[in-house]
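Sequence lines, in order, name chains A, B, C and D.
The first sequence maps to residues 1 to 282 in my numbering.
The second sequence maps to residues 283 to 437 in my numbering.
The third sequence maps to residues 438 to 830 in my numbering.
The fourth sequence maps to residues 831 to 1212 in my numbering.
Quick caveat, the hints were computed from the structure, so don't treat them as lab data.
There could be a bad hint or two in this list.
As the list claims (entries may be wrong) - List of simulated lysine-lysine pairs, DSBU-like, C-alpha gap at most 35 Å: (1) Lys614(C) / Lys599(C); (2) Lys750(C) / Lys439(C); (3) Lys80(A) / Lys603(C); (4) Lys80(A) / Lys440(C); (5) Lys298(B) / Lys128(A); (6) Lys323(B) / Lys153(A); (7) Lys110(A) / Lys323(B); (8) Lys433(B) / Lys154(A).
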Amino acid sequence: MTTYFGVDVADVIETMPSRFRKEAAAGISGRFGYDLGEAGRWRLAVRDGDAALAPAEDLDDCLAVVATDPQTFVGIQLGKIDATEAMALQKLTVAGDRGAFGSITRLFQKYLPPGEEALPDTELVVLKQTISVGQTFATGPVMGRFLKGLKQKKILAMRCPVCGRLQSPPREICAVCRVRNTEWVEVGPKGEMRMLEYVYYASPDPLTGETRETPYGAIGVLLDGCRDEEVFWHLLNPAQLDRVQMGSVIDGQVRHGSRLRPVWAENRTGSIDDIQYFELDD
Amino acid sequence: MQSDFDTSDCYTIEGKLALPYTYFAGRVGSRFITTLRDQHKIMGVRCDACDTVFVPPRQTCERCLGDLTDSWCEVGSRGRVVNFTVVRYPDRHLPRPVPYVLAMILLEGADTPIVHLLEGIPPEQVAVDMAVEAVFAETTTHTIRDIDHFKPCDA
Amino acid sequence: MKKNRNVGIIGVGQSVYSSHREEVNQPEMIHEAVVEALESAGVTIDDVDCIVHGNMELFEMIHQPDLWHVLGTGAYGKETLRVTTGGTTGATLVAAADHLVASGLHDVVLAIGFEKLQEGHTTGGITNMADPLWGRQLQTGALTGMTAAQMIDEFGEERAKKVAMKYRIQMDQHAMKNNKAHRRLGLSPDQAEELAENSPQLVGELRMIHMCSQSDGACAMVFASEEKAKALCDQPAWIKDHVTAHREEMFCIFGDAPVLSTHRYAAQKLFGRCGITNPREEIDLFEMYDPSSWWGSDWLREFLLLEGDAHLKMIENDDIAIDGAFPVNPSGGVIASNPIGATAMVRVAEAALQVMGRAGDHQVPKTVNQALASGFGGTMWTVLFLLTREVPS
Amino acid sequence: MARRVGICAVAQTTYQRDKWHERFQGMALEVLEPLLAQTGLDFSEDKGIGMSISVSDDIFDARTISDNGMTDVLGAHMRCEEKIAQEGIQALYYGLAAIQGGHVDAALVLGHCKESQPKSRNMVTHMAFDPFYTRPVGLDFTAAAGLQAQAYADRSDVGDTHLADIVARAGRMAQLNPATPETPVWTREEVLASPMLADPIRAHHAYPVSDGAVGMILAAEETARAICDHPVWITGVGNCMDSFFLGDRDLASNFALKQAAARAYQRAGIDQPHDRFDVVEVSDQFAYQQPMWMEGLGLVDEGQGGAWIAGGGPDAMNVNRSGGMLAGNPLILGGLVRAAEVALQLMGLAGERQVADARCGLAHGVMGPAGQFHSVAILERD
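Using the sequences provided together with the hints, build the complete structure.
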């Protein structure tokens, strides 16, 4: 086999089971594929804290498959190549469950080329933890009244007494005019989509610590009764991500976006979750 | 100044702040922890300019900004209590059910005491100057808790 | 308003920017920048009167981190100030140091911005900036595809995508000249099409290749009063003026009405105060906080008070190249290196190095008499600095 | 000489254990509106408030960029806002610098915090400790204070009864302060009977969990005189950082506070601080800190804390007429509230707790485990 950075690809692969940190793998199981192009293909089976590795032709049964060239693979193992950069350059791809693959790669101790002893001072200690502190968030009178409105399937906005601008969710004051908002009005609940953030990237939700499911769509809806930039922020039915059209205005020319309606939750408690998401109002 | 507005629309929503973290001990901190873990030895660093042996070790002397990376010295796993308190308020971030003793312990050969748990003695019997020794942890946490706690010993 | 006394930047230090800093903890990484800044200024820690510190706490979840970091900052026994404003923190730290020296409270101030993004989850941490009852459930960090969507709408898909990728590759070519830069990919223009097609999508047409890095790193700068700066440094970079503009939290710029950007607002105000009527002629270069190549491309129009497609032409005509008519981010910018709490400071620091003629391999091939630097953060918050080679009168 | 800077207006909410009915923005507005009304200032670009200096904390607020949701209620939309992420009294230090430097003529200072929002205040301060050496043994600011109290008490002969008297007095003082409506009045015996928290600190020795907001308007002399009848001048500031690890410090030495005070005295031109101040407000998060900080400030002789309490020193020197931190302020706002209180005294606006003809006062703030960082401000009126 060919060597890269002075290291044999096979040595990196074959030492994987011995570098597997059993104590950290409790409760993790699954098959993971390594497609290293000309160097070959392997399947890593993780179960009950054990890891077994075998050459494999077919990786279709794997939860996730990483595909890269042997040089990139060895370079990443040795810390000579940055995995994120390799992904940005398409030199490394992960098909399937990226999250699961990410958690598996962290279960291995760092690869050390033959002859390099793991001296105490070369081991760099890492501490992983999820920090969680319970919180009691107050609504205050303004956000409270708005959220209570959702319970009754009403979307409320506040109007600035000076410029007339509507804000929903409402604010205590109009930032532009620097006066207290005074008048409540009901808007929507239907509207037109003006903005879609089509999110492919899975990140943790700090309110739960759980990783979000992707893809999802965060949207801005111009609710009926609103104008200009008075856009309402929520989610789109993920099944309709590819069926919606964003509206826009260029040089005063308006192009209308898809009509949307809220889908109300069965049990409403006075929170953002009282609207499950918006969907096409066909 | 009292909030005298109508609070009928006000309520609270329970939630949390929960995010994942990965802390790096660095070269100096790692050597301290792995030596503790693998050899049950407690290491400090010596700043010659300030004539001080610091525990826990650090890369830079904050007094003179001298580099202490390679100024390792072993200190004893025994020492004496120089100060202590008894933690009696229960909370999730605490390492033990309360009450427990949190002591400042000056190890043999060190000039700066460390803060650690003192067990094996009722809190009311703890006294300044008493001799204590480290009890090393059976499983590593990769922190200073690779010393599980200190316990009283013969002087 | 008249400044009480002039303030000069006399030293800059930067740690290595990388996503692999397992060998140092937070104070140790900060210390690298501190040592280099003091050396660069030709002073010792004893000469420093006050230390200014800032970052974003939830990226590492260290409460009031200047307390622990005293192990690396040199703040023991000294006066300190800790200021944070999200992504703009680094620039705010420079503003704070400017005030502390200008006021006469201190003659020499050291300011430090840092972040160790590998110790937390960057996108999760940014998401947590949204209101806990509305928005935290919806936001995905600082990732947005909307600028791409708008540029595609306005200029057509082909031209917009080409410009964003050209900007990206230009920044990488700059980063290749900056040995401090984190991501130096060695991209060449002939890769543009392939990257535009194949780089993974994050949000809409914002792809991984467009987005800034997540770096560990620290930046430190030394500031001195006019008298001290002249005594200690042959060519300080002088702080002429700065403008900060924040924007309300809940807002949308995607409706029917054009919204004045904080960038344009800050630029109008700064240029007005400093008598600049033609920024592209009178200013010699720009270090911009460019979180993605879409934003970087789009924001040129705002900061330089341009209209229509003038900003696209600047990119298409190589004006923004290191040897172009109006160099932008000769350092490689934020797309190359992004330790968030330091990032905005790095913009000012890099602009200062260019003014001082000490930018090394990425020094622009002309005298820099006036340099612009911007910080970005929060909900479209901006801080804009103007540095000069001559002592401001 | 840089120009003088004055405090021209002060406003605060009440401090309560749980302002469940209000969010940060509402609390801030309750402070902003009276400040603008008192001074007649607005945020106009030519002659209004040039910058907003906020004080809050990302971890207490559980919010990345804790000032991000506050822009509108800080008047800072399309304006300059900067956040002090340190003890709140540092906002004075910063505002002084920005105005003396010439960048702005007037600045708003406004801090908020709700300690009731996180499940545990100690869990927040626990995060101030490093992940490998000090977090794993469970340190937080309360446990660190226990260690410092232990070290200090012996050295200065401060006993349990002294501490009970400090707490009982704080409760009595708080009754005269409309900002602290919930502070209980405990007798010496009740304090002595309260359970231990972190020996020798008892439950009643610790400042109560509290929610609230406080603010001020600072202005350069010319502006100050135009908008205010009784500006209070910031004549001296000083602060100092000590070592991080508790073991690196002599916990009873007041190293950082002595430095901070010396710097403030020097800038204010004060040689003999001992008899200089008509009112003093120190951040006594725990009862032992009141005598300890007074020693550190050089206002009580070293080692004489116990004797000072026994001799009625707190009343004689007008220390914490507001009730102090023991009456309840959020941790990060403690020093800023102290400065607000001294300013009110010097303005003659302290109501029932007014000290007659107060002309010069000292305000103190502290942050970090066992007083790692101290900040002192000297305030004077004409």
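Hint check:
Taking the CA atoms of Lys614(C) and Lys599(C), the gap is near 23 Å; set against the 35 Å cutoff, the hint holds. Between Lys750(C) and Lys439(C) the alpha-carbon distance is near 38 Å, which puts this suggested pair outside the 35 Å criterion. Between Lys80(A) and Lys603(C) the alpha-carbon distance is near 27 Å, which keeps this suggested pair within the 35 Å criterion. Of the pairs offered as hints, the one joining Lys80(A) and Lys440(C) is violated, with about 49 Å between alpha carbons and a cut-off of 35 Å exceeded.
A distance of roughly 19 Å separates the Cα atoms of Lys298(B) and Lys128(A); the hinted pair therefore holds under the 35 Å criterion. Only pairs whose Cα atoms come within 35 Å are accepted, and Lys323(B) paired with Lys153(A) is rejected, the gap being roughly 65 Å. Only pairs whose Cα atoms come within 35 Å are accepted, and Lys110(A) paired with Lys323(B) is accepted, the gap being roughly 24 Å. Distance check on the hinted pair: Lys433(B) and Lys154(A) sit about 64 Å apart at the alpha-carbon level, beyond 35 Å; violated.
The structure shown violates the earlier hints numbered 2, 4, 6, 8.
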